[in-house]
Amino acid sequence: MKTKTIEDLLAESAFFKDLAPAYRRMLAGCGRNVVFKAGDLVFREGDESHKFYLLRAGKVALEIRVPGRGAIILQTVNEGEVLGWSWMVPPYKKQYDARAVELTRAIAFDGACIRKKCEEDPKLGYEFFKRFAVLIAQRLSAARLQLLDMYAKA
Amino acid sequence: MTVESYRVRRLKRETADTFTLELRPVNGAGRIAFAPGQFNMLYVFGVGEIPISISGDPLKPETLVHTTREVGAVTRAMRKLKAGHVLGVRGPFGSPWPVAEIRGSDIVIVAGGIGLAPLRPALYHILSRRERYGRVVLLYGARTPADILYRRELERWRARFDLEVYATVDRAMSGWRGNVGVVTSLIARAPFDPLNTVALVCGPEVMMRFTVLELQKRGVGPQAIYLSMERNMKCAVGLCGRCQFGPVFVCKDGPVFRYDRVKDWLLKWEV
Numbered sequence: 018m019k020t021k022t023i024e025d026l027l028a029e030s031a032f033f034k035d036l037a038p039a040y041r042r043m044l045a046g047c048g049r050n051v052v053f054k055a056g057d058l059v060f061r062e063g064d065e066s067h068k069f070y071l072l073r074a075g076k077v078a079l080e081i082r083v084p085g086r087g088a089i090i091l092q093t094v095n096e097g098e099v100l101g102w103s104w105m106v107p108p109y110k111k112q113y114d115a116r117a118v119e120l121t122r123a124i125a126f127d128g129a130c131i132r133k134k135c136e137e138d139p140k141l142g143y144e145f146f147k148r149f150a151v152l153i154a155q156r157l158s159a160a161r162l163q164l165l166d167m168y169a170k171a
Numbered sequence: 005m006t007v008e009s010y011r012v013r014r015l016k017r018e019t020a021d022t023f024t025l026e027l028r029p030v031n032g033a034g035r036i037a038f039a040p041g042q043f044n045m046l047y048v049f050g051v052g053e054i055p056i057s058i059s060g061d062p063l064k065p066e067t068l069v070h071t072t073r074e075v076g077a078v079t080r081a082m083r084k085l086k087a088g089h090v091l092g093v094r095g096p097f098g099s100p101w102p103v104a105e106i107r108g109s110d111i112v113i114v115a116g117g118i119g120l121a122p123l124r125p126a127l128y129h130i131l132s133r134r135e136r137y138g139r140v141v142l143l144y145g146a147r148t149p150a151d152i153l154y155r156r157e158l159e160r161w162r163a164r165f166d167l168e169v170y171a172t173v174d175r176a177m178s179g180w181r182g183n184v185g186v187v188t189s190l191i192a193r194a195p196f197d198p199l200n201t202v203a204l205v206c207g208p209e210v211m212m213r214f215t216v217l218e219l220q221k222r223g224v225g226p227q228a229i230y231l232s233m234e235r236n237m238k239c240a241v242g243l244c245g246r247c248q249f250g251p252v253f254v255c256k257d258g259p260v261f262r263y264d265r266v267k268d269w270l271l272k273w274e275v
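Those protein sequence lines, which keep their order, are chains A and B. Note that the first sequence ends on residue 171 in the working numbering; no numbers are left out. Note that the second sequence ends on residue 275 in the working numbering; no numbers are left out.
It is worth saying that the hints were derived from the structure and are not from the lab. Hints should not be assumed to be uniformly reliable.
Unchecked claim - From the structure, some residues in chain A lie toward chain B, with a derived Cβ separation under 10 Å:
{"hint": "1", "residue": "Ala78"}
{"hint": "2", "residue": "Arg82"}
{"hint": "3", "residue": "Gly87"}
{"hint": "4", "residue": "Asn95"}
{"hint": "5", "residue": "Val99"}
As the list claims (entries may be wrong) - Listed next, the in silico EDC-like pairs over lysine to aspartate or glutamate satisfying Cα-Cα at most 20 Å (straight line):
{"hint": "6", "chain 1": "A", "residue 1": "Lys170", "chain 2": "B", "residue 2": "Glu209"}
{"hint": "7", "chain 1": "B", "residue 1": "Lys221", "chain 2": "A", "residue 2": "Glu98"}
{"hint": "8", "chain 1": "A", "residue 1": "Lys170", "chain 2": "B", "residue 2": "Asp21"}
{"hint": "9", "chain 1": "B", "residue 1": "Lys256", "chain 2": "B", "residue 2": "Glu209"}
{"hint": "10", "chain 1": "A", "residue 1": "Lys170", "chain 2": "B", "residue 2": "Glu159"}
{"hint": "11", "chain 1": "A", "residue 1": "Lys21", "chain 2": "A", "residue 2": "Glu96"}
{"hint": "12", "chain 1": "B", "residue 1": "Lys86", "chain 2": "B", "residue 2": "Asp21"}
{"hint": "13", "chain 1": "A", "residue 1": "Lys34", "chain 2": "A", "residue 2": "Glu98"}
{"hint": "14", "chain 1": "A", "residue 1": "Lys110", "chain 2": "A", "residue 2": "Glu96"}
{"hint": "15", "chain 1": "A", "residue 1": "Lys134", "chain 2": "A", "residue 2": "Glu24"}
{"hint": "16", "chain 1": "A", "residue 1": "Lys170", "chain 2": "B", "residue 2": "Glu18"}
{"hint": "17", "chain 1": "B", "residue 1": "Lys221", "chain 2": "A", "residue 2": "Asp35"}
Note that beta-carbon positions come from the ideal geometry of N, C-alpha and C, so glycine has one too.
Assemble the whole structure, with the sequences as input and the hints as a guide.
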């Protein structure tokens with residue numbers, strides 16, 4: 018059985034499948050397979066943000082530590098979804114901890130390298146921002162609904 | 005419709021503020037026929053009467069089952085009832101989930117919080133005739149892990165091969181191994197064929213509005229979405245007008261409505 022390349026995986030991913038094949042090839046060149054065991058930290062609040070991840074399997078929790086309350090999970094990111102967008106936005110710092118909830122396989126992308134390529138090729142930059150703008154809008158909308166505390170007593 | 009006396013058989017605490025009442029008729033009548041999605045008016049003598057959806061199995065009509073949340077004087081009094089106590093019941097009232105009409109379709113059930121209670125009879129019905137439906141998916145959202153309703157039953161449902169169950173909570177402490185995020189975020193990756201899907205939705209109204217948006221993004225049409233609406237109901241027969249929602253009465257014409265019938269009214273804050 019042929020092992021799937023990162024380029025094959027990108028062609029199957031809902032997030033990147035409609036990216037032009039040449040851009041997918043370039044993106045595949047900036048990615049590598051990574052594995053996290055349950056409980057492993059993927060990244061930590063305050064880290065330099067030069068990477069983002071496409072989850073192939075597993076689940077990652079975004080957590081924030083609140084003094085006196087411990088770590089609170091803000092959101093989980095699942096198979097097929099993208100983790101991390103702070104690599105696109107100055108000051109390129111992770112704002113939360115990300116911890117693997119279960120065995121997680123992902124493709125880690127070198128965001129700094131992609132940022133540089135986006136600066137050089139505005140069409141590529143637009144393709145990336147188009148996708149990540151949707152992701153950021155979805156996360157913002159979900160966060161607002163969470164803030165509403167919909168299930169609280171009226 | 006007259007008030008019938010029912011005796012409490014059991015009161016089960018579900019979460020910190022929700023509980024389930026199992027009731028049997030005092031006069032010993034055998035069966036209490038209802039359709040999934042309907043509700044009864046429950047009367048705590050000397051305190052008051054409120055509408056509560058039926059959450060039991062339509063195939064087990066010997067016992068009337070209601071799950072509710074402690075939110076006001078009547079539910080507070082109800083919460084204190086014990087086995088053997090008697091309360092009044094009028095019903096059943098209202099429109100049901102269209103479980104017979106949607107045979108052959110994929111079914112997506114989207115429930116938020118206590119909204120799982122009125123959907124449970126529909127799920128019982130569908131599972132009892134499983135071969136008549138396509139894929140069946142239950143998407144459930146709760147506030148926190150401690151607020152998950154029917155937890156053991158959800159675990160049993162999740163173990164079935166013919167039902168897909170995805171649950172999420174709005175917030176959780178580190179160590180929770182399930183999903184965190186609003187229930188609407190489950191829709192994008194739920195496995196169903198949007199062109200052959202019927203969605204049954206119940207939860208807080210704002211959750212239902214955003215659920216409809218996500219279902220429509222997936223390609224589910226407005227005529228394939230059903231919502232269970234909640235309004236302040238009093239008479240339950242469309243006479244008092246308390247639950248008027250635009251041109252309809254939620255108690256008599258609802259509580260289950262096809263989305264295209266109420267969509268123009270959902271964003272009118274005046275109604």
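Each hint, compared with the structure:
For A:Ala78, the suggested interface contact is upheld, since its CB lies about 7 Å from the closest CB of chain B, less than 10 Å. Taking 10 Å as the C-beta contact cut-off toward chain B, the hint placing A:Arg82 at the interface holds, the least distance being around 9 Å. This hint holds: A:Gly87 has a C-beta 6 Å from the nearest C-beta of chain B, less than the 10 Å allowed. At about 7 Å, the closest approach between the beta carbon of A:Asn95 and any beta carbon in chain B falls short of 10 Å, and the interface hint on this residue holds.
Residue-level restraint check for A:Val99 is violated (minimum Cβ-Cβ distance to chain B is 13 Å; threshold 10 Å). At roughly 13 Å between alpha-carbon atoms, A:Lys170 and B:Glu209 fall within 20 Å of each other, so this suggested pair holds. At roughly 17 Å between alpha-carbon atoms, B:Lys221 and A:Glu98 fall within 20 Å of each other, so this suggested pair holds. At most 20 Å may separate the alpha-carbon atoms for a hinted pair to count; A:Lys170 and B:Asp21 meet this at roughly 10 Å.
Taking the CA atoms of B:Lys256 and B:Glu209, the gap is about 19 Å. The hint holds against a cut of 20 Å. For the given pair, A:Lys170 sits about 26 Å from B:Glu159 by alpha-carbon distance, which is inconsistent with the 20 Å threshold. The suggested pairing of A:Lys21 with A:Glu96 holds, with an alpha-carbon distance near 16 Å, which does not exceed 20 Å. Restraint check for B:Lys86 and B:Asp21: satisfied, since their Cα atoms lie roughly 16 Å apart, inside the 20 Å limit.
Distance restraint check for A:Lys34 and A:Glu98: the Cα-Cα separation of roughly 13 Å lies within the 20 Å cut-off, and the hinted pair is therefore satisfied. Of the pairs offered as hints, the one joining A:Lys110 and A:Glu96 is violated, with about 24 Å between alpha carbons and a cut-off of 20 Å exceeded. Taking the CA atoms of A:Lys134 and A:Glu24, the gap is near 18 Å; set against the 20 Å cutoff, the hint holds. Pair hint A:Lys170 plus B:Glu18 holds up; C-alpha atoms about 16 Å apart against a cutoff of 20 Å.
Between B:Lys221 and A:Asp35 the alpha-carbon distance is near 18 Å, which keeps this suggested pair within the 20 Å criterion.
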